Amino acid sequence: MKFDENKLNELFLEDTVEDDAPYGSKIKLNQNEAVATIFDWLGSLFMALVIVLLIMTFGFRIIDVDGKSMEPTLIDTDKVAITDLFYTPHNGDIVIISHAEEYQKPLVKRVIATAGQELRIDYDQNAVYVDGEKLDEPYIQGVTVHGDIPETELNGVVPEGKVFVMGDNRGISLDSRYRQIGFIDESYIIGKAQLDVIPHAYDENGVLKLDLSKIRYVYK
Numbered sequence: 016m017k018f019d020e021n022k023l024n025e026l027f028l029e030d031t032v033e034d035d036a037p038y039g040s041k042i043k044l045n046q047n048e049a050v051a052t053i054f055d056w057l058g059s060l061f062m063a064l065v066i067v068l069l070i071m072t073f074g075f076r077i078i079d080v081d082g083k084s085m086e087p088t089l090i091d092t093d094k095v096a097i098t099d100l101f102y103t104p105h106n107g108d109i110v111i112i113s114h115a116e117e118y119q120k121p122l123v124k125r126v127i128a129t130a131g132q133e134l135r136i137d138y139d140q141n142a143v144y145v146d147g148e149k150l151d152e153p154y155i156q157g158v159t160v161h162g163d164i165p166e167t168e169l170n171g172v173v174p175e176g177k178v179f180v181m182g183d184n185r186g187i188s189l190d191s192r193y194r195q196i197g198f199i200d201e202s203y204i205i206g207k208a209q210l211d212v213i214p215h216a217y218d219e220n221g222v223l224k225l226d227l228s229k230i231r232y233v234y235k
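Following our numbering, the numbering of the sequence shown begins with 16 at its first residue and continues without gaps.
Source of the hints: derived by calculation from the structure; they are not laboratory data. Values in this document were obtained by computation on a predicted structure and should not be read as measured data.
Computed beta-carbon distance windows for the label pairs:
id, residue 1, residue 2, range
1, Gly-221, His-105, 33 to 41 Å
2, Ser-59, Ala-130, 43 to 51 Å
3, Ser-59, Val-222, 37 to 45 Å
4, Phe-61, Leu-189, 43 to 51 Å
5, Gly-221, Ala-130, 37 to 45 Å
6, Thr-167, Leu-227, 42 to 50 Å
7, Val-222, Leu-60, 33 to 41 Å
Using N, Cα and C, we set each Cβ at its ideal position, and we do this for glycine too.
With the sequences and hints as input, model every part of the structure.
Structural data, given as C-alpha cells:
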C-alpha cells in the first residue's frame, strides 16, 4: 500500500491546529464550550421539571392527612403520596375520597369491601366479615362502634359502583357506618395512598412531632 505523504501532513495539521492556534482563539473556543455546557445543563433541568410535572399530573400527588381517624396507620398532619392512574379499588387499600359537596378536605379511609361483596359487621366481637370471612386487621385501633345506619340496612351486598370504607381508628372514625358518608361512589376516589412521605409520631409527652424514620409504604 502506498501512502500519500502530502495527505498525511494535512491530517496531522488538522489534528494540531488547536495547539498552534493563537491564545485569543483558544479563549473563544473555551467560551463556546462553556456556553454549550450551560445550555446542556439547562436542557437537562427543563426535562427534569417536565418529568416531575408529568408524574404529579398522571402519577403521584401529595395529600395531607387531616384528623385521627386513620391512626395508628397514618397520623394527623402526615403527608402521603397517592397514585390514581388506572386505579381500581381493592380491599385493604387506603384511599383518598373527594366528597366536595359535604367536605372541604378529602377523606382518607381504608377500603373494607367493594361492589358485589357481602359485608357484615359484628360489633359485639369487634370484627368485620367480607364474603363470610373474618378480616385480619392488626392495624386497627379502638372498638368498632355503631354508626347511625342500622345493621339491617348496612349489612349485606355492597351496591354496584360503590365501596364500603372505614377508618383504622374504629372508635372515632366518621365513615361508611354513618349516613353522612355511607357507601362511597367509586368515582369519588381520587387515588390510593402509597407512601407516608412526611410522617409524624407522638413523643412520650403526647406531643406530635415530625419523625422521618417512619417514612414507609402505608398499606398496613
